[in-house]
Amino acid sequence: MELLKVDRVSKYFQTTGKKQDYCVFKDVSLAVIEKEFVAVLGHSGCGKSTLLNIIAGIDNATRGYVFLDAKEIVGPGLERMVVFQNFALMPWLTVFGNIRIAVKAAYPAWNRHQINEWVQKYVDMVGLTGAEGKHPSELSGGMKQRVGLARAFCVQPRILLLDEPFAQIDALTRGVIQEELVRMWFKTGITIFMVTHDVDEAILLSDRILLMSPGPDAKIMDEIHVGIPRPRGRATIIEHPSYYAVRNRIIKFLSQREEPKPARTMNLVA
Amino acid sequence: MNNSSTKGSLILSLVFLLVFLGFWQLVTTRIKSLPGPWPVAETAYYFLSDPFYDKGPNDQGIGTLALYSLGRLSLGFISGSLVAVILGVILGLNQVLFKAVNPYIQVLRAISPIAWMPLLLYSVQNSNITALLVVFMASVWPTLANTAFGVSSIKKDYISVSNILQMNPISRVFKVILPGAGPTIVAGLRISMGSAWVAVVPAEALLGTLGLGYFVWNEWNNLSLTSVIFAILIIGMVGVCIDFLFNKLAKGLAYVD
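Sequence order for the protein chains is A and B.
The first sequence runs 2 to 271 under this note's numbering.
The second sequence runs 4 to 260 under this note's numbering.
These are computed hints drawn from the structure, not numbers from a lab.
Treat each hint with caution, since some may be false.
Claimed, not checked - No more than 30 Å apart at the CA atoms, straight line, and that leaves these computed lysine-lysine pairs for DSBU-like:
| hint | chain 1 | residue 1 | chain 2 | residue 2 |
| --- | --- | --- | --- | --- |
| 1 | B | K159 | A | K72 |
| 2 | A | K135 | A | K6 |
| 3 | A | K27 | B | K159 |
| 4 | A | K36 | A | K220 |
| 5 | A | K220 | A | K72 |
| 6 | A | K19 | B | K35 |
| 7 | B | K159 | A | K122 |
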């Protein structure tokens, strides 16, 4: 079933002194079905984070509509939790406190005991047991994003929006957290929409990759079904016969700079 | 903190004190009518040995007077700060309003609170309330400006998180906005407290309401310069103690981004 639908969304920025507004992207349409993991891949500055913010409701589209469960989205909401690139943890709260404000907001009727139990469950899920009392400044990037993930998962949203979630984490830790994310995604049966510029991350994690052309006037140019079966491992995925076919196609797309061709789809099934 | 450097600072502080006392003594040998350190110390001993005596409404112990001043300060400061923080949060969250009001804040905060006194006294016809209002006026502006600035410069991400979580306005203010702007607000409160304490003394002196400022003026009228100098020292010491408390508060609310 179609969970998220982005319908011809365009974003323009007003530019001072110029007649025409700057067009970040134009007429972007996409759909995400339930329990799917979809990644939008594109160059830095192509507007993919802006697209994610529009879906999250923390930015406004100039034109177009976004639907969740066939209802139009106006403003942010708990059913669309965001995991931020720069973590966006409240520095004055502890690990526990950062997750707790989300739980309290999502389940206002719960008592203190229920809330704390729920928070602890997610602290344990992301492997931060023992670090509950620490402040974000005392944590490594990887640990910070574990808190970010726990905060997002604990409210049980309809869809999880990941905005380059692992870009600021060192490469070794990144791989571990990516695999943990997949495990949590499997376990919870949640739908995930991610934007990234990391090709290997997109292939490792996604069911489907949408390729976005560089801005201005960015568009979604192509769609790739990553047919590689799960569970995928960082070490084993590269041995799969279609891995390089997918990867090369993405690299080719990212390195081309001429006028983009119209969108088409291609299925690479293992 | 490095232990040996703390020790060094302490020794240097004592050296400065001795130099100051020596200089003071030297000045008094030139200006014979000016009391030196020793008579002031004797006066201090006299006043401090019975700080809470009560010899009628116009002759109270120095401790009692200090408490009067502190009470006036607390009342004016707390009410002023409350107004300042509430207004500051509103302005900080509303950039259009902030920009519209900011020029007036800048003008108002440039005015010495003492300058309001005649107008206030004429309006309320009561010296105690006037003194309170002067302290109130002195407390408002730095906190207001700092709160508005602190709130408006909270990272957009934190606001986004509170929007996504659909937090209600009350928890938004108390869980995100106030803690986020906390360090900046406390910095404002500290400046406000300083200027409020500075305003208390002349307000009391001019209005004749019981307190340390009144004491200074009264002793000047008695031509007792030793008492005046003693009062100056007390005013300074009380100020230092207040600032120390704010330092503690600032440390408690600080966070590492």
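Hint check, failures only: 2 and 6
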